[in-house]
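Protein chains: 2
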Amino acid sequence: MVSIIEGGLTSVPGFRATGVEAGIKHGGLDLLLLSSDKGPIPAAALFTSNLVKGSPLQITKEHLQNGKLGAVVANSGCANAYTGQQGIQDARETAELVAELLDINPGDVGVASTGLIGTRLPMNQIREGIKKAVKQLSNSWEDGTKAAKAIMTTDTCPKEIAIELELEDGTRTTIGGATKGAGMIHPDLHATMLAFIVTDASMTPAGLRSALQRSADNSFNMVSIDRDTSTNDMALAMANGLAKNDRITKKHPSKKFQKGLDFVTTELARMIARDGEGATHLLEVHVEGAESRKDARIAARAVVGSNLVKAAVFGEDPNWGRIVAALGYSGASFDPSKLSISFKSEEGESLILFRGKTTSEENLIRAEEVMGEEKIEIHIDLGAGQESSTAWGCDLSKEYVEINSKYIT
Amino acid sequence: MVSIIEGGLTSVPGFRATGVEAGIKHGGLDLLLLSSDKGPIPAAALFTSNLVKGSPLQITKEHLQNGKLGAVVANSGCANAYTGQQGIQDARETAELVAELLDINPGDVGVASTGLIGTRLPMNQIREGIKKAVKQLSNSWEDGTKAAKAIMTTDTCPKEIAIELELEDGTRTTIGGATKGAGMIHPDLHATMLAFIVTDASMTPAGLRSALQRSADNSFNMVSIDRDTSTNDMALAMANGLAKNDRITKKHPSKKFQKGLDFVTTELARMIARDGEGATHLLEVHVEGAESRKDARIAARAVVGSNLVKAAVFGEDPNWGRIVAALGYSGASFDPSKLSISFKSEEGESLILFRGKTTSEENLIRAEEVMGEEKIEIHIDLGAGQESSTAWGCDLSKEYVEINSKYIT
Chain A
0 MVSIIEGGLT
10 SVPGFRATGV
20 EAGIKHGGLD
30 LLLLSSDKGP
40 IPAAALFTSN
50 LVKGSPLQIT
60 KEHLQNGKLG
70 AVVANSGCAN
80 AYTGQQGIQD
90 ARETAELVAE
100 LLDINPGDVG
110 VASTGLIGTR
120 LPMNQIREGI
130 KKAVKQLSNS
140 WEDGTKAAKA
150 IMTTDTCPKE
160 IAIELELEDG
170 TRTTIGGATK
180 GAGMIHPDLH
190 ATMLAFIVTD
200 ASMTPAGLRS
210 ALQRSADNSF
220 NMVSIDRDTS
230 TNDMALAMAN
240 GLAKNDRITK
250 KHPSKKFQKG
260 LDFVTTELAR
270 MIARDGEGAT
280 HLLEVHVEGA
290 ESRKDARIAA
300 RAVVGSNLVK
310 AAVFGEDPNW
320 GRIVAALGYS
330 GASFDPSKLS
340 ISFKSEEGES
350 LILFRGKTTS
360 EENLIRAEEV
370 MGEEKIEIHI
380 DLGAGQESST
390 AWGCDLSKEY
400 VEINSKYIT
Chain B
0 MVSIIEGGLT
10 SVPGFRATGV
20 EAGIKHGGLD
30 LLLLSSDKGP
40 IPAAALFTSN
50 LVKGSPLQIT
60 KEHLQNGKLG
70 AVVANSGCAN
80 AYTGQQGIQD
90 ARETAELVAE
100 LLDINPGDVG
110 VASTGLIGTR
120 LPMNQIREGI
130 KKAVKQLSNS
140 WEDGTKAAKA
150 IMTTDTCPKE
160 IAIELELEDG
170 TRTTIGGATK
180 GAGMIHPDLH
190 ATMLAFIVTD
200 ASMTPAGLRS
210 ALQRSADNSF
220 NMVSIDRDTS
230 TNDMALAMAN
240 GLAKNDRITK
250 KHPSKKFQKG
260 LDFVTTELAR
270 MIARDGEGAT
280 HLLEVHVEGA
290 ESRKDARIAA
300 RAVVGSNLVK
310 AAVFGEDPNW
320 GRIVAALGYS
330 GASFDPSKLS
340 ISFKSEEGES
350 LILFRGKTTS
360 EENLIRAEEV
370 MGEEKIEIHI
380 DLGAGQESST
390 AWGCDLSKEY
400 VEINSKYIT
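Respectively, the protein sequence lines represent chains A and B.
Numbering that gives the first Met the number 0 applies: residue 0 is where the first sequence begins, and numbers increase by one.
Numbering that gives the first Met the number 0 applies: residue 0 is where the second sequence begins, and numbers increase by one.
For reference, chain A alone in the conformation it holds in the complex:
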């Protein structure tokens, strides 16, 4: 049983956090600091698959060689990507500044950034921001929320969650997380997803990494806002072991912990999708009846990522032909004559296509009503097997174009 508790990162014992206004972006909190009371603890991170990787990712990867981190610093307002050797140096210096003030090794500090590609980190602001943040660090909910706010870009709200659950050995553990969505720092900058997750469970670095990878595959990796993959995506997790449970390792994973972590990352992924740029609808695509898990995943992602499907959702239009076409080019294997599609929301459910045949004009009109709600689900049965998957996204609105067409110059 997973129960949601108040707060986010700071709801987990042994972690302090905060967010400050360092002056990196024009107004608002823009520097997050997260610190482990115990000092360096098992940590793991996943990075963007983009060939061009931001400088902070390279530093964080390097610092994770020993599987441990004691603190994380992240800024919005500048991605510190495509900034060459200078960028690496700036990310390294950022880690050093945090390390010095927290009295840990620079190698124990993770660094993340989101913002404009190709411009240098404003190091004076970073320096002052870090000083301020170190003084302000606390385990209050308010400071947890400040941390979540400090990584926001075009996000319209902070995104955080915390849960409690009981592990197989009876110990209770807590997981807290904060994320930012696929939005632009300014109307001109590149979309980036950042996620930070902390827990008091006792885990090895490899156990944590493996659990994080598993959860991310079914959550963060199933979110599509605009099919553009950032240079700076990072999901980072830390585990301090204060729960004193039987250690979770790669060889001896905990199903219950995995379930809790899945819950946290799925909720964060849903928050990202719901708050996609210009989004007016949260879109959830459930694919079942797939021949393989991979087929289920690529089918769900193709539908949630299709500009035509997204524009139809914006128009609250049950245009099922576009869904059929997206499934057709997804690469998933299925027999079109066995396909079923329904639309679902708080308003109810309407089956449009049943085993390759349209149901009724009435159901199509009903589907329109169903699509009038904020959260819309598309349920697809490929009729080809037993595997399933879910993907999250949002509609394609005129607001999206507006946000992303503004000048950088």
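It should be emphasised that the hints constitute simulated quantities derived from the structure, not laboratory data.
Positions of the beta carbon are idealized from the N, C-alpha and C atoms, including for glycine.
Please note that a few of the clues may not be correct.
Cβ-to-Cβ under 10 Å is the rule here; a few derived chain A residues that face chain B [stated by the list, open to error]: (1) 115; (2) 252; (3) 312; (4) 352; (5) 355.
Starting from the structure of chain A, add chain B where the hints point.
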């Protein structure tokens, strides 16, 4: 030397064509008929890669088994896709109707459709339309243009071209073509590309097919309007041999003919891109310095297909960071520190990035001016090799969302 001549399909000796209003869509020409005076001649076609294929594609494929066609009928207003056995029967009957009136075999008629997925062809309208079209067939430029108009959907103008060129053996040959763009029949229907190309060159079916495949790979297959692949895409070519050149075969291709065909398909592809739904800019992405041809292609396609790049082009914003990011996730292999990017238009050229380094603030401001033109080129040098490729697309405008969010119900 390729010279452009007046007209399109009917500019090629031995072909007649026309377009009529059959009443399949709400007003306007909606049925194309193309006929070979010589009767069945070598023909070849390429079809959508979508798993879900429209019924006409299945019939045309079947009829091309012997490598010959004598006529082609195509309609806009209804895709006849996802219509089951009934759809196959309707497409077959369409071919039979044309065959009867032209006194050829049903197996010598190609069929194509574009429009709403999942609804039946209105066979009464098809029947009457075919009768009208057979009577009206002519080799006048006007009827050629009518044919091009009859396949239009949300296209804002007909798309046709004709050229003359001299082959290696000194004979002169003609190539004519018509296409429709990636638009929607109604604001509610699925995007489809259709292209018809005729020539009086003497070719075997395999020679024609191979030349068409080659040309399409560098033209139609490099156009991206919205990354959604239709169920009904078709590019079809016919060659009647009246030019009496040395027969072009798969084993003995003609470089000159290939160059001419490349020219035709590239021009048609450019017309499609320029007239993409809601497009305000034609975007041409040139990638050079790639390690392999495949890398050049996937890099060019990733940039031209990126929603973020497209939105930036709509905003006339030289947001080169988004280009770097798109190249990074394209899968092409390159060293980011060797990358060069410039923007070019009738207004001039501005180099933004040279071997991994930004040039100057002045160039960025200049690039903004350069992007003020209707046709914008992005030139990318990956600095990784000798291969190159070009892709075509258009910007992502609010109009695109408007067009694609309207109701089907």
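Against the structure, the hints:
With a cut of 10 Å, the hint placing residue 115 of chain A at the interface with chain B holds, because the nearest CB-to-CB distance is about 6 Å. The restraint placing residue 252 of chain A at the interface with chain B is violated, with a minimum CB-CB distance near 30 Å, outside the 10 Å limit. Interface hint at residue 312 of chain A: satisfied, since its Cβ lies 8 Å from the closest Cβ of chain B, which is below the 10 Å cut-off. For residue 352 of chain A, the suggested interface contact is upheld, since its CB lies about 8 Å from the closest CB of chain B, less than 10 Å.
Because the beta carbon of residue 355 of chain A sits about 7 Å from the nearest beta carbon in chain B, less than 10 Å, this interface hint is met.
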